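Protein chains: 4
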Amino acid sequence: MKRVRMGMVGGGEGAFIGDIHRAAARLDGEVQLVCGAFSSNPEVTRRTGRRVGLPPERVYPSWQDMLSGESRLPAQLRAEFIAIVTPNDLHCPVAERALDSGFHVLSEKPATRTLAEARTIAAAVARSKRCYALTHTYLGYPLVTEARLRVLSGDVGKVHRVQVDYPQGWLTTAQETSGNRQAEWRTDPQRAGVAGCVGDIGVHAFNLAEYITGLHVTKVCADLSFTVPHRRLDDQASALLRFEGEAVGVLTASQVSAGEENDLSIRVYGEAGGIVWSHRDPNSLKLLSLSGSQRTLRAGNNVAELHAFTRAQCRTPAGHPEGYIEAFANIYRLFAADVRNFTTSGTTTLSSPAPLESALRGMAFIEAMVASSTAGQQWTELS
Amino acid sequence: MKRVRMGMVGGGEGAFIGDIHRAAARLDGEVQLVCGAFSSNPEVTRRTGRRVGLPPERVYPSWQDMLSGESRLPAQLRAEFIAIVTPNDLHCPVAERALDSGFHVLSEKPATRTLAEARTIAAAVARSKRCYALTHTYLGYPLVTEARLRVLSGDVGKVHRVQVDYPQGWLTTAQETSGNRQAEWRTDPQRAGVAGCVGDIGVHAFNLAEYITGLHVTKVCADLSFTVPHRRLDDQASALLRFEGEAVGVLTASQVSAGEENDLSIRVYGEAGGIVWSHRDPNSLKLLSLSGSQRTLRAGNNVAELHAFTRAQCRTPAGHPEGYIEAFANIYRLFAADVRNFTTSGTTTLSSPAPLESALRGMAFIEAMVASSTAGQQWTELS
Amino acid sequence: MKRVRMGMVGGGEGAFIGDIHRAAARLDGEVQLVCGAFSSNPEVTRRTGRRVGLPPERVYPSWQDMLSGESRLPAQLRAEFIAIVTPNDLHCPVAERALDSGFHVLSEKPATRTLAEARTIAAAVARSKRCYALTHTYLGYPLVTEARLRVLSGDVGKVHRVQVDYPQGWLTTAQETSGNRQAEWRTDPQRAGVAGCVGDIGVHAFNLAEYITGLHVTKVCADLSFTVPHRRLDDQASALLRFEGEAVGVLTASQVSAGEENDLSIRVYGEAGGIVWSHRDPNSLKLLSLSGSQRTLRAGNNVAELHAFTRAQCRTPAGHPEGYIEAFANIYRLFAADVRNFTTSGTTTLSSPAPLESALRGMAFIEAMVASSTAGQQWTELS
Amino acid sequence: MKRVRMGMVGGGEGAFIGDIHRAAARLDGEVQLVCGAFSSNPEVTRRTGRRVGLPPERVYPSWQDMLSGESRLPAQLRAEFIAIVTPNDLHCPVAERALDSGFHVLSEKPATRTLAEARTIAAAVARSKRCYALTHTYLGYPLVTEARLRVLSGDVGKVHRVQVDYPQGWLTTAQETSGNRQAEWRTDPQRAGVAGCVGDIGVHAFNLAEYITGLHVTKVCADLSFTVPHRRLDDQASALLRFEGEAVGVLTASQVSAGEENDLSIRVYGEAGGIVWSHRDPNSLKLLSLSGSQRTLRAGNNVAELHAFTRAQCRTPAGHPEGYIEAFANIYRLFAADVRNFTTSGTTTLSSPAPLESALRGMAFIEAMVASSTAGQQWTELS
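Residue numbers (my numbering), protein chains in the order written: chain L, 1 to 383; chain S, 384 to 766; chain A, 767 to 1149; chain H, 1150 to 1532.
Calculated directly from the structure, the hints in this document are not laboratory data. Only a predicted model underlies this, so the values are computations on that prediction, with no experimental measurement involved. One or more hints might be untrue.
To be verified - The list that follows gives simulated cross-link-like pairs (lysine-lysine, BS3-like), each with its CA atoms no further than 25 Å apart:
| hint | chain 1 | residue 1 | chain 2 | residue 2 |
| --- | --- | --- | --- | --- |
| 1 | L | 219 | L | 158 |
| 2 | S | 602 | L | 219 |
| 3 | L | 2 | H | 1151 |
| 4 | A | 768 | S | 385 |
| 5 | L | 286 | A | 1052 |
| 6 | A | 768 | A | 895 |
| 7 | A | 1052 | H | 1435 |
What the hints assert, rightly or not - Listed next, the stretches of chain A that the computed footprint assigns to chain S, with coverage defined by at least 3 CB atoms under 8 Å from CB atoms of chain S:
| hint | region |
| --- | --- |
| 8 | 786-796 |
| 9 | 1022-1035 |
| 10 | 1083-1097 |
All C-beta atoms in this analysis are idealised placements derived from N, C-alpha and C, irrespective of residue type, glycine included.
Using the sequences plus the hints, can you model the full thing?
In structure tokens, the structure reads:
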């Protein structure tokens, strides 16, 4: 299988997520990093380029240089898609220019800083006809896929209740003034966008809820808080949700839940049963039934009870845990398939679980959350 | 230690909670059931009386008969307190008359059907100067007490976030039309009061949150749903909460979370750490810290790390699980101590964890939830 | 239902297990404590008698006095059965004399100090034709019963492997020289018998394995250790097991597993599946299948999937945890039924899960364990 | 960082573990697969070579061809080490010839089929002065390393008890006659060696116990069973263990524990505490203390409480689970460091957690287990 060539913007040394993206891209041997503009600091870029083994001529001082430099290369050499791993403020300009330059784009979430920016990207996707998707990592977990397939095929009946929860504790103190670079940009409206916690993790929770249920959230009644003194963006949020049909829900996301790590979880209940997934034990999926019996499905490429597509997302048999990087790698693998498919067929029928629509919906969600909370918890529809 | 004499109203055969109350009362040998009016059906009352070993003359055809009959007995024989275990509609009339007849009252929750009724009871308490408390069972779990003591002594720092969740699934289908008596009265506004799920279990969640944090909820923004067709009272509810000080929170309660049993849980986060308790594993209490280390405290009368009061609520050493009946028995034991203390000192300084104030606050909560939801999720203050 | 009258030997103040027995006997209201000889110290006996509300004339200075005193009372007043809650050295003499005096006997485990003593009791049972059973507490857990019923009905197929494990940590240090009375007698061969850890908890593990599988252990290859300096009895033990048929197994028991509480667990595997129960979460039973699907059965009197007999051992619906005292109470309730049945029918067809045969097998196990280990881990058959 | 060049023997399509090795080697970008002889079937080899993107000239029809072919290449091109991923029968011949040809060797476990073969390898290591290590995967889990560092630094005091358990269920039925290739060679003495379950997974358990405790097992008293009819090698095993010093232990391994996946676990107890790790939740490490408090350490490169070396084995912060492939990748990364170190310094001071000594000890263990069981559970010393 031919490896798909990737360029990366962002992800210089010290940026946690850059190494994760690169490991995920490498894991299955289907993607090859061929160029990068890893940092606004050229020295960091050079060092990162050396460390990841790129030839110096493919390590660019700026993302603009990279896009133009790669464009000048022969088609069989140049990057086919651009992974955007920067703080949020660069997502839109890089994505737009990359698309317009003929590159496919795989971008970190949230898609942009504002819904307007997301629409700018949508326009670029429309005119470029290139593939665009987000790395909503959690959709890469095989049992998240299984949960979706089971809900969509009616295993829990008509859904009437969704609870999704995403607690973290790392921003309980003012990390942004203690030299933590991750905290700095995430709490800076200029770089992060209109929301803090909601944009950083709330959007994952939202995205997970829509993905698994196959239902759109129609409106939110949200309560965002700014807990740590002097923080400029929300660090905790709760919201009442209404879905298409008659389902209701609750979404909670917090970065000041002291001592919590990263335990995104979701519970979906319908007329006939429930389904529970938690990132704390991502290789188990609990199926609840009206009879009271609880079944636990386990991830594994040998588990006959899983849907075939789910099994295909597993690299190991049950009992050999896969984790965060493998989930990320699934996102990369599916996007690589999209790119190969485009190359072959010229079409952009995506298999990526978080395509452009996720970008638009995610940003609509973020803006609705902020608007609802600002208005004193008024129901606010998603644009 | 002299056993305290109890009369019981409600709890006839077939009423789940009657047997639990009687077992809890028996467990520690500090309470003696001396009389009962167990049902509106005199035959059920008689049968129940025989089964629990009461002499026929102390088994009364009606609660009114019981109160007057017992009043005529010599002081050293007659019931000292009345346990009210009926559907909600009788809580107020029985409690008021019992108090006015000189009996102490230990009542099932919710206190009444409306806040007005709770105030009627409050007036009776004031004029009778008798002990009154609710059986908010979960406050009887030793580690719930420990959680409270730790939060109040500052172990998690200033609280800024509370999440309390109470899922059940037994009302996912229309049990109330299938001959389930528990479901029938709980979904009948006349007997249950202004709320269904909120009154039945939401009030437990609310009570737990206030108990552990020591903070009052000031207002709610609530979303109640009537999921099952033709159901007349809410069967699921979610609410944004504001507490005294600056803490925010979320409360969820549902009886249509298909497949869930009874997994009340609470998470409290402050500046310095977090604390997590779940009824699914009630003998463990998780202490979260900013450093990431997680400690698990375990219940046990031999666990030196617990507060002395907590240890005193345990009957067994760590590793010998206590459960629901023991929690209930702690409520009885503490109320029995209140009654003995009254007998000795004439005062009503209660050690019960859910005294009259809990009744008033609980009903204020229930009414605020209903009002907020009816008004389309408007913030509503607790009276 | 008429309450069965019980006398108690042992269980004076400060003896952990005495209070547990009394609470268990009280819980269901089917047993009434009518007399006691709680301690060799008459003052402790008197104080305990007062505390549990016995009339002074039924509180006896010695167990001999109690047996003769009760024998002189009219049949409708005197104790019907004697609960023996003493250190092991008194089990045999008290049981023998009680049986010969016409009382039924419910005894703590291990049955005696030696197999010879157990045979003495067996002879007394044979000539007295009274009921005799042991309080093997763990057999009182509803899901232990369920595990047995499922294995016996073939749910896991022919059993080929059993692992049973019982770790405690409380004797990791020399508690017996620090004033811990529980530790003192348990490490004293005169009072405890030929074994320490094996007799105190190993026999529980053995008993559980035979109960659930319905198979006899035929021989053991055992390794007993005396870990703490100067300790005179084993404090940890491991053994290879052979069962009737072709099943093999491993039994481990330790009181020096530092930090462990009391986590007895068992796993039974057969041709068609496995079954796992752990005291750490006693209200769950895991059913493993060849397909990889894992089901969790939950205890509860409303759980249709449980055998009817199992449901009858539950007092609460699923999600309302029962624990150690309830398990103990089930042992009492079943023995009370045996006693009532004897009174009615004159027969001793026992429903108790640990009848005389358990006493003989348990002591045969203990002696075989000691003999095997003393001989340098030679296979030793159970007599 | 320069990538280390690897050749692979075995791991053709359909061999589960080949893909895992390749993914693990790729994950960190420090190892490059440059050649392979993936199967005895040249067509499978060719197909696998294409799939993993090797140039045809580096895909060899046999491992002998590969070793000679690579030897003829310029030093800066040829493979630096050979990963052996074949069934056990080829481990010795391939390793010996590779070492003698100047290649380093990273081999699957068990090292060989017999201890004699392992000594053949040892001789080759001695004369070639090349690096040799085993892929004992579980030693690659960060918290296994942490457990070792904590035990070695005295956190649990002097160790007196070890329990290690490895249940699987996949061989409960006669997979070896149903076309399962993994099962075929593992149950074939010619290809697997003297042991089945003991060699396949028992040796992992043994290795883990010695690694974490830093203590040698001195002798075993083992019970191996051949459960499934016609199976020629053991499929379940239990053993009493004696360690250097006075520690005792129990080791269990089974491939007929129906329904179990792959839940290797270990518990180590000493005078001052205990430590528990389980593959079911590999990112948690339980620390037990005499006081009863239980702490849970969590894996993460941001967890200050971990030893620095442990943190360096983590790629993600706490709450972002790593799994089996990452553990494998740590083994590869450490071996790659060994190879680079050799290239730089000419020395073979290994950082690999399972060096040659593990091979010798593992095979001594396997042979002692078989010998002890064959002799009817006689204590048998490890050579």
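We went through each hint and held it up to the structure:
1. L/219 <-> L/158: Holds, because 19 Å separates the two Cα atoms, which is no more than 25 Å.
2. S/602 <-> L/219: holds, 22 Å
3. L/2 <-> H/1151: Within the cut-off at roughly 24 Å; holds.
4. A/768 <-> S/385: holds, 24 Å
5. L/286 <-> A/1052: holds, 13 Å
6. A/768 <-> A/895: Satisfied, since the Cα-Cα distance of roughly 22 Å is no more than 25 Å.
7. A/1052 <-> H/1435: holds, 22 Å
8. 786-796: holds (count 7)
9. 1022-1035: holds (count 4)
10. 1083-1097: This one holds; 10 residues, not fewer than the three required, reach chain S with a Cβ under 8 Å.
Hint compliance for this structure: no hint is broken.
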